[in-house]
Amino acid sequence: MSQITLSHSEEHHEAHGHHHETFLSKYVFSQDHKMIAKQFLITGIIMGVFAMFLSVLFRLQLGWPDKDFPILETFLGKWAEGGRIKPEFFLSLVTIHGTIMVFFVLTAGLSGTFSNLLIPYQLGARDMASPFMNMLSYWFFLTACVIMIGSFFVESGPAAAGWTIYPPLSAVPTAISGSGLGMTLWLTSMTLFIASQVLGGINYISTVLNMRTKGMDFWKMPLTIWAFFLTAITGLLSFPVLVSAVVLLIFDRSFGTSFYLSDLVVQGQILPNEGGSPILFEHLFWFLGHPEVYIVLMPALGLTSEVISTNSRKPIFGYHAMVYSLIGITVLSFIVWGHHMFVTGMNPFLGGVFMITTLIIAVPSAVKSFNYLATLWRGNIRFTPAMMFAIGMVSFFISGGLTGIYLGNSSLDINLHDTYFVVAHFHLVMGSASIFGMLCGVYHWYPKMFGRLMDERLGYLHFWVTFIGAYLVFFPMHFMGIDGVPRRYYAFTEFPFMAKWLTVNTFITWAAIFAALGQVAFLVNFFGSIRWGKKAPQNPWGSNTLEWTTPVKHIHGNWPGEIPTVHRWPYDYSKPGHEEDFIPQTVPFSATMSSNLPHDFEGNPEAERLQKEWEVQNKPEEQKDLKG
Amino acid sequence: MLAMVQNTENKEDLSTLKARKFSLWLGMIGMFMMFAALSSGFIVYTEGAAGRGIKTILPTAFLYSTLLLMVSSLTMHLAYRASRQLRFSLQKVWLLLTIALGVGFFFMQFHAWGILISRGVVFINNNASQSFIYIFTGMHLLHIFAGLLVLIRALVGVLRHIPQSRNIFRMETAAIFWHFLDILWIYIYVFLLLNQ
Chain C
1 MSQITLSHSE
11 EHHEAHGHHH
21 ETFLSKYVFS
31 QDHKMIAKQF
41 LITGIIMGVF
51 AMFLSVLFRL
61 QLGWPDKDFP
71 ILETFLGKWA
81 EGGRIKPEFF
91 LSLVTIHGTI
101 MVFFVLTAGL
111 SGTFSNLLIP
121 YQLGARDMAS
131 PFMNMLSYWF
141 FLTACVIMIG
151 SFFVESGPAA
161 AGWTIYPPLS
171 AVPTAISGSG
181 LGMTLWLTSM
191 TLFIASQVLG
201 GINYISTVLN
211 MRTKGMDFWK
221 MPLTIWAFFL
231 TAITGLLSFP
241 VLVSAVVLLI
251 FDRSFGTSFY
261 LSDLVVQGQI
271 LPNEGGSPIL
281 FEHLFWFLGH
291 PEVYIVLMPA
301 LGLTSEVIST
311 NSRKPIFGYH
321 AMVYSLIGIT
331 VLSFIVWGHH
341 MFVTGMNPFL
351 GGVFMITTLI
361 IAVPSAVKSF
371 NYLATLWRGN
381 IRFTPAMMFA
391 IGMVSFFISG
401 GLTGIYLGNS
411 SLDINLHDTY
421 FVVAHFHLVM
431 GSASIFGMLC
441 GVYHWYPKMF
451 GRLMDERLGY
461 LHFWVTFIGA
471 YLVFFPMHFM
481 GIDGVPRRYY
491 AFTEFPFMAK
501 WLTVNTFITW
511 AAIFAALGQV
521 AFLVNFFGSI
531 RWGKKAPQNP
541 WGSNTLEWTT
551 PVKHIHGNWP
561 GEIPTVHRWP
571 YDYSKPGHEE
581 DFIPQTVPFS
591 ATMSSNLPHD
601 FEGNPEAERL
611 QKEWEVQNKP
621 EEQKDLKG
Chain A
1001 MLAMVQNTEN
1011 KEDLSTLKAR
1021 KFSLWLGMIG
1031 MFMMFAALSS
1041 GFIVYTEGAA
1051 GRGIKTILPT
1061 AFLYSTLLLM
1071 VSSLTMHLAY
1081 RASRQLRFSL
1091 QKVWLLLTIA
1101 LGVGFFFMQF
1111 HAWGILISRG
1121 VVFINNNASQ
1131 SFIYIFTGMH
1141 LLHIFAGLLV
1151 LIRALVGVLR
1161 HIPQSRNIFR
1171 METAAIFWHF
1181 LDILWIYIYV
1191 FLLLNQ
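First to last, the protein sequences are chains C and A.
For the first sequence, counting from 1, position 452 maps to 452 in my numbering; every step adds exactly one.
Quick note: to get my numbering, add 1000 to the position in the second sequence (first position is 1).
Hints in this document: simulated from the structure, not taken from any laboratory.
Incorrect hints may have been included.
[To be verified] Cut-off 30 Å, straight-line C-alpha distance, at most; resulting in silico cross-link-like pairs (DSBU-like, lysine-lysine): (1) C:LYS220 / A:LYS1021; (2) C:LYS26 / A:LYS1021; (3) C:LYS26 / A:LYS1092.
Could you build all of it, start to finish, from the sequences and the hints given here?
Next up, the structure:
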């Protein structure tokens, strides 16, 4: 029997042409989901560090607007003449920081890494539906990254119209130096990025729907998979809309059409474009843009659900409610985009409709928050670094989510729009929460990716510095925003009413530098542990899901023999009557007679009868108690 | 025992093919969303102010191109049926005819653009509703180009005598995609007709 199984797996390798792997086919042009996940993760980390560095640069300007830093001129050249960052370059820094963080780190780095790693693993599939498309997805992504960073090396500088690239600023190359070649490169990069995301997303959906192992029905899928699945659907429906918006923008920029442009005088010259509507772009952009923030957030919600349940040694509270609230967020995310446009002269009635749909999102979000807290409640909590980051995510999700209720009000938004209140809100609820979800995933699944464990003490150091740092950076911004300090301004020195916020800005900059330095602990830990980390056992966290049944050493096709069959849901932690505090999904109910509960059998009369017979034989006293 | 192992192996292959075909459907949903966005963009723009709109009668060339594409859908279906019945020479003929009709559609669209331009309905236009005609037809034409590549791939497959299961798979995906492009064009044409 074992011999046959072996020869079978051998056959399988040959069938997929991966028997003799070269360096190129294994590490570079890999079609294996595990390797592609690592490629996405490492590229995402590099992009994240780059974008974080940009944020420190513009924080320097905001913290000390009157001070020269000669060292900046050394490596930024004409963009920081005399050691002071130029206003145009400041806008570029803000733009590219936002673009890279939202799209390259928290969309591709997060979804790309963990969807690729976990969808085949947790569903019991040999690989993705189309490994080739998967590889293509990564290479489109990498090309997009290279072009985006490359835009720093063109003479007119990178794009500077904000990550939302609103026309006319982005559409008129003469308007600002960043709208020249830099903007063209931005658009090229994003087009490739969208291609990457759509290819990846199609693969994720198709794999989830078609390649689940035997027994893995929808209600036995881990919440991670639900989150990736719904994220991919959201992406598939929204990214093509951005393509349309960008195509029209490209024609406006380079061919002279007037989709978005009208009545413009740029630097004393009247432009020929007439009749266009910049609001049209905002509609198209935010039809993607709002679902995008859930594309960023939902994978983080999925990862933390899994980690919190595992490390609380308790079943996730309200599994079905968690799934339905994810579905609710997915659906609602498509009908709220107008809340970004309350002050564009929108019909107040329409604004009211968007306000209501926006506020309804608080319901599924609150369901999720309370379910997290209820899962933690009286759990046998193990504070691993992954668990710390997961709890940190819950904290940011709540503190950032609360301010969303204020911003969602169309009347309050008149005051708060484009102030630091918005910056504080989305950096907490979508920025920090998502990056904490991602880091939580990295710490938790690192043994699965690299076969080694990360250092715990460095992990705790990283957590506390980042957690405290993030709050110190973003919390004061709420107060600046309420006072009316606008975002994206180069300096606040010219406005008397903002003068009192200068010291706060200096404080925030110090906090940002502190938090940025904390990431060194992560980088050392991440790259060092690949080589020097402790060897990981097969199932280091005592987890139920299928990925921990695969061998520590990666093999093509994931499982050496047959794919395991799934018998139960993934959250049987601390089940009363079972000697261990976890029961993997592969364990049939017949092997856990002492802990089975009536609802486990989903109304199967045969199983119920067997269970009853067993109980009469083995627990006669309980039976008597029941009768008595 | 061996037979059973073989069987599971085949099952895994089969589910991969099924998943790939499903991916095509998902891709078509993505493409549809792109055109849905353009349609809503067109409506928002055109309703935005008086004086906007297509303001011309669409050239009959678009009607001819519609007919070409519909006939090509029919020949595509015949090619697919021939491939299922193992009549490979017939499959090749129908497939070639489909490709020819597709190329014909391509040129008919260019011809229609020529007619529009001669009427002064140009792409670079301060009435962007008229520019939208070119965006719709141009984006669709890009998809037709991709569709032609898929058809040629299927043709190369049958010329090279690839195994029948793969031949059928290629034909099936090509047919689904080609019919989709046909339906997409009819949608665009009707949408533009209703707004002319």
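Numbers of unmet hints, in rising order = Hint 3 is the one this structure does not satisfy, whereas the remaining hints hold.
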